[in-house]
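*Asks:* If you want the building blocks of each chain, they are given just below.
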Amino acid sequence: MTELAERITGLVGALRAHGVPIGTGETVDAARAVEALGLADRERLREGLAATLLHGPGQRAVFDPVFDLYFPRGVGGPDGGPGDREELRDRLARALAADDRALMARLAVEAVDGFGGYGSSPGSDGFSAYQTLERLRPQTLLARVRADVRGGRGSGAGFADRLLDDEIRRRIEEFRRLVGAEARRRVAERRGREEIARRGVLPTADRVDFLYANRTQLAELRRTVQPLARKLATRLAARRRRAARGTVDLRRTLRSSLSTGGVPMRPVLRRRRPVRPELVLLCDVSGSVSGFSDFTMLLVQALHDQFSKIRVFAFVNRLDEVTALLGHGRADPEGLGARIHAEATLTGWHGSSDYGMALGEFAERYGEAVGPRTTVFVLGDARTNMSDPNLAAVREIAGRARRVYWLNPEPRAQWGTGDSAAPAYAGLVEMHECRTARQLGALVARLLPV
Amino acid sequence: MFTSVDDVAARLAETGYLASPAVATTVFLAGRLGKPLLVEGPAGVGKTELAKAVAQVAGARLVRLQCYEGVDESRALYEWNHAKQLLRISAGRDESWDETRTDIFSEEFLLPRPLLTAIRGDEPTVLLIDETDKADVEMEGLLLEVLSDFQITVPELGTVTATRRPFVVLTSNAGRELSEALRRRCLFLHIGFPEEELERRIVRLKVPGLGAALAESVVRVVGALRAMDLRKAPSVAETVDWARTLLALGAGTLDETVVRDTLGVILKHQDDIQKAAAKLDLDAL
Chain B
16 MTELAERITG LVGALRAHGV PIGTGETVDA ARAVEALGLA DRERLREGLA
66 ATLLHGPGQR AVFDPVFDLY FPRGVGGPDG GPGDREELRD RLARALAADD
116 RALMARLAVE AVDGFGGYGS SPGSDGFSAY QTLERLRPQT LLARVRADVR
166 GGRGSGAGFA DRLLDDEIRR RIEEFRRLVG AEARRRVAER RGREEIARRG
216 VLPTADRVDF LYANRTQLAE LRRTVQPLAR KLATRLAARR RRAARGTVDL
266 RRTLRSSLST GGVPMRPVLR RRRPVRPELV LLCDVSGSVS GFSDFTMLLV
316 QALHDQFSKI RVFAFVNRLD EVTALLGHGR ADPEGLGARI HAEATLTGWH
366 GSSDYGMALG EFAERYGEAV GPRTTVFVLG DARTNMSDPN LAAVREIAGR
416 ARRVYWLNPE PRAQWGTGDS AAPAYAGLVE MHECRTARQL GALVARLLPV
Chain F
586 MFTSVDDVAA RLAETGYLAS PAVATTVFLA GRLGKPLLVE GPAGVGKTEL
636 AKAVAQVAGA RLVRLQCYEG VDESRALYEW NHAKQLLRIS AGRDESWDET
686 RTDIFSEEFL LPRPLLTAIR GDEPTVLLID ETDKADVEME GLLLEVLSDF
736 QITVPELGTV TATRRPFVVL TSNAGRELSE ALRRRCLFLH IGFPEEELER
786 RIVRLKVPGL GAALAESVVR VVGALRAMDL RKAPSVAETV DWARTLLALG
836 AGTLDETVVR DTLGVILKHQ DDIQKAAAKL DLDAL
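Top line first, the protein sequences correspond to chains B and F. Residue numbers are given in the numbering used here: position 242 of the first sequence equals residue 257, and the series is strictly consecutive. Residue numbers are given in the numbering used here: position 233 of the second sequence equals residue 818, and the series is strictly consecutive.
It is possible that part of the hints are untrue.
To be verified - Listed below are several chain B residues computed to face chain F (Cβ distance under 8 Å; list not exhaustive):
#1 Gly40
#2 Arg47
#3 Glu58
Said to hold, decoys possible - Only pairs whose alpha carbons sit at most 27 Å apart, straight line, appear in this in silico DSSO-like list of lysine-lysine:
#4 F:Lys864 <-> F:Lys817
#5 F:Lys864 <-> F:Lys853
#6 F:Lys791 <-> F:Lys637
#7 B:Lys246 <-> F:Lys791
#8 B:Lys324 <-> B:Lys246
#9 F:Lys860 <-> F:Lys817
#10 F:Lys817 <-> F:Lys719
#11 F:Lys719 <-> B:Lys246
#12 F:Lys817 <-> B:Lys246
Bear in mind the hints are in silico, worked out from the structure with no lab data behind them. If you're wondering where the values come from, they're calculated on a predicted model, not measured in any experiment. C-beta atoms are modelled at their ideal positions from N, C-alpha and C, and glycine is treated no differently.
Model the full assembly from the supplied sequences, consistent with the hints where possible.
*Replies:* Below you can see the structure in the form of structure tokens.
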């Protein structure tokens, strides 16, 4: 196998490991693309490989860093010794002012080489983007760059100049990204790119674990709500269409066959009354699982026209209805959690979640919300903080509802450890592990009633 | 079709389509590998225009299939001309049924629709399947045979295979998730919002009368709006519209009043307008 072919298959392998489905046919296409494009222009190569290997825009976030590892910009560090910090900051300020991408990329290379290295013995040394940015502090250049740009333009500061700060911030953000990519590349040279491609590249948003997602990942996740909801809506609509076809109504078929002498020429189908299901959501919104609940609530809200009625209840240890806060058109994903906490009574005299209390309160106060057409989803990790799980309340809800599903963001292996009452609840209602947006999408598509 | 990526970019530019490096590279590959090109992206970034521009530079005829909910085989592939068939049957009274039957299912009574038209021709063809996401899932199954083997099976006539492969462009706004099988058969291209520099060139090209300084301000403001997380971010088409509006108004530079009065050209939702006005420090509307 030639070195290039090995590189392409390595790239494909790394992408597959991150959940990008790539078949052999696409790999062959990628190789043909490389042949057609040549290796001279790296950005063309990137676009060509992306076009042949990827199938959707979401995969690009994984592809770009992996590509940077397998087809690096160069090898080793820059020529010449480490420069002076102030001098590098000067040049960076000029590059930012001119919005010169090529220069910014070169400076990122120099910066990581000069300020990102740590350790001295082989095996424990490496390069850190964090350390580079800590020493270089590009964010403090804002005022200087602004003055530079203004100075260069002369006095005629127009309307667009009020956008300048945001633009400079975006350029600095771009530089930070470049430093990150460069540090990964340098580390990959030492440790082998397979390992870095596996561990150093963030998974796509829909595969991030709800419980461990950071702020930016959660924000990214919220942005996937609309597309995911659209996808689910088409799937539900198709299922509904199929289900509406119905079965033969024997009695009416025979009745109508009287005019043809008892020969049933035309089968009469049983008419279905299209009933949109009702949905009740019980969400644990305590700190530990709030990301999961927020996302699920948003998803259900985006799906609202698929149901005749949705009611959403949030709880920590007291329970309150929050349907109104999720009302149509009030989709402000950022502030949802905060709004729920501000406007609903969710906590009593302590701040940790209490499933027994909350479920009991629901059965007692909102029992009428659950009827034979209602599907109930309970969202939470079933960690009761050692209090009574109140299985009777769950039994009561399950008895009244059409179906009850419990979605648990914890890995199945952890159910029942510590204060988790998951096995006890799972004995009464169907409980599913639901750790990522991808899993949630699949579950919702499967579990939602037609 | 094209000799190199640069060739693609240069020739598309001649028709007034300024291609980003990603677009030029992918178009070149689609021609070279002979694969259909699936173009996704927000509305108004030039997906359909791309197909038209490619047809123009290649000197090819453009066959367009506009998808919509309920588009079916008889709209996409072919139809039998029933009226003509009936005429034929009633005209030839003295021949046997077998003769008539073989006759009425021949080329003469076939009405080719876009897909069959694109495959049968001998001249260079660009087949544009527009807004694929609007069509039903069944339609995708139909496209699979066409896109992988460039052939169509008409039960009465047999299989029609393309003698000359058309250059296929499928567009989608991602309104519905296209099937994995369809995606696998295509090269994938996502056209997003262009880089600032490219958008400036597009604006200058489409609105020649606009001054360089004003064009730059326009693009910067649009860029800022896109970063704002609005319900409908302005696309290139809107940038160009706005530039035209400013030119028509005779605005020499951007100032608060002009922006406030014309914000409706670039933003299509009232709450977006309010949000943008607040962020841009415009006075209350």
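*Asks:* All hints, please: hold or fail.
*Replies:* Verification of the supplied hints:
Taken as an interface hint, Gly40 of chain B checks out: its beta carbon lies about 7 Å from the nearest beta carbon of chain F, inside 8 Å. Because the closest C-beta pair between Arg47 of chain B and chain F is about 6 Å apart, less than 8 Å, the hint holds. A cut of 8 Å between beta carbons decides the hint on Glu58 of chain B: the least distance to chain F is about 6 Å, and the hint holds. Annotation: proposed proximity of Lys864 of chain F to Lys817 of chain F holds, straight-line Cα distance about 16 Å (limit 27 Å).
For the proposed pair Lys864 of chain F and Lys853 of chain F, the alpha carbon gap of about 17 Å is at most 27 Å, so the pair holds. Distance check on the hinted pair: Lys791 of chain F and Lys637 of chain F sit about 16 Å apart at the alpha-carbon level, within 27 Å; holds. A C-alpha spacing of about 36 Å is found between Lys246 of chain B and Lys791 of chain F, which places the hinted pair above 27 Å, so the restraint is violated. Using a Cα cut-off of 27 Å, the hinted pair Lys324 of chain B and Lys246 of chain B holds, with the two alpha carbons roughly 20 Å apart.
For the suggested pair Lys860 of chain F and Lys817 of chain F, the alpha carbons sit about 12 Å apart, so the restraint of at most 27 Å is met. Of the pairs offered as hints, the one joining Lys817 of chain F and Lys719 of chain F holds, with about 19 Å between alpha carbons and a cut-off of 27 Å not exceeded. The straight-line distance between the Cα atoms of Lys719 of chain F and Lys246 of chain B is roughly 13 Å, inside the 27 Å bound, and the hint therefore holds. A distance of roughly 19 Å separates the Cα atoms of Lys817 of chain F and Lys246 of chain B; the hinted pair therefore holds under the 27 Å criterion.
Violated hints amount to a single one, hint 7; each of the other numbered hints is respected by the structure.
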